[in-house]
Amino acid sequence: MIYKIKKDLLKKYIDGLLEKYEVWGPKKIGNDTVFSKLKSGEEFIDARTLLGPKESIYPIKEKIGEMESKEIIVMGIKSCDLRAYRMLDDVLGIDEFYSSRRRNVHFLNFVCTEPCEYGFCSTFFGPRLDEYEMQFTDIGEYYIVESKNDKLIGRDFENATEDDLKILESKMRDFYNKMPPMNIENLHKKMSWDDPRYREFSKRCISCGACNFACPTCFCFDTYDDDGLYREWDSCILSGFTRMAGNVNPRNTLDLRLRQRFMHKLRYHYENFSYYLCTGCGRCIEVCPVRIDIRDFIRGVGP
1 MIYKIKKDLL
11 KKYIDGLLEK
21 YEVWGPKKIG
31 NDTVFSKLKS
41 GEEFIDARTL
51 LGPKESIYPI
61 KEKIGEMESK
71 EIIVMGIKSC
81 DLRAYRMLDD
91 VLGIDEFYSS
101 RRRNVHFLNF
111 VCTEPCEYGF
121 CSTFFGPRLD
131 EYEMQFTDIG
141 EYYIVESKND
151 KLIGRDFENA
161 TEDDLKILES
171 KMRDFYNKMP
181 PMNIENLHKK
191 MSWDDPRYRE
201 FSKRCISCGA
211 CNFACPTCFC
221 FDTYDDDGLY
231 REWDSCILSG
241 FTRMAGNVNP
251 RNTLDLRLRQ
261 RFMHKLRYHY
271 ENFSYYLCTG
281 CGRCIEVCPV
291 RIDIRDFIRG
301 VGP
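Position 67, counted from 1, in the sequence shown is what our numbering calls 67; the numbers after and before it change by one each time, with no gaps.
Some hints could be false.
Unchecked claim - Subject to a maximum C-alpha distance of 16 Å in a straight line, what follows is the list of computed EDC-like cross-link-like pairs (lysine to aspartate or glutamate):
1. LYS7 to GLU62
2. LYS190 to GLU66
3. LYS7 to GLU43
4. LYS11 to ASP222
5. LYS63 to GLU271
6. LYS39 to GLU22
7. LYS7 to ASP226
8. LYS63 to ASP226
Calculated from the structure, these hints are not laboratory results.
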């Protein structure tokens with residue numbers, strides 16, 4: 001079903017959700033806009049955050065064996081981040097600690113109607129998705145709400161009209177005109193093991209790992225013992241990622257680690273799952289202190 005809700009009633013709707021669920025959403029903390037737990041609808045901001053809400057079901061650090069079963073609403077997640085969750089499901093879905101949280105999370109994604117500075121989601125099937133639970137699009141006075149879960153529809157929702165849908169389609173056409181998709185046909189077949197740009201990038205990269213930690217689709221982790229068994233995010237850019245006993249490291253230089261990052265995103269994952277491990281969110285570009293740009297890399301892949 002397709003509904004609409006007045007924008008000035010959205011905070012009231014969120015307050016209603018908070019009576020039943022833990023709700024995460026974008027909000028201001030100091031001068032920063034971050035994805036965090038909401039205490040009231042007044043805190044909610046329809047904005048893209050520098051870091052997505054991946055931590056809501058895949059914590060940066062977790063103690064293995066501790067499982068939660070509470071229902072969570074992730075409100076205001078951008079479409080690029082929602083697509084990333086679908087990708088994480090394919091890899092981490094067999095993990096009971098991940099899937100126990102995932103089963104209890106409802107995603108209410110918000111479609112971007114203006115391209116962001118670093119994004120290229122139109123290349124990877126965004127910003128309006130076919131797979132969603134509830135999808136909100138700003139059309140001015142209202143949000144259009146495409147719903148596949150009417151359990152979450154509130155009393156202030158109305159049925160969308162034909163005129164509303166025409167505005168929605170017009171906004172999407174404008175978006176794609178401003179952000180035309182790049183040509184990625186057979187990109188995985190064109191990816192080269194010997195691309196000289198891996199070494200060129202290694203001369204600039206400082207191995208900070210920001211690209212991995214900001215990426216909504218990165219899922220690699222390490223485990224260690226303390227007062228129990230812990231799991232925490234890891235980065236394939238860091239030198240210790242592939243270090244083994246005896247100090248053996250098959251990726252002991254930065255160019256090899258950069259090659260792994262690009263090849264995994266744009267070739268290996270496609271060969272296993274038939275889609276690229278990228279949603280075009282652009283966060284890896286935004287957080288990179290030396291401005292390594294995956295868009296330029298994709299455009300420069302051979303014919």
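Review point. Which hints from the list above does the structure break, by number from lowest to highest?
Key: Hints 1, 2, 4, 5 and 7 are the ones this structure does not satisfy, whereas the remaining hints hold.
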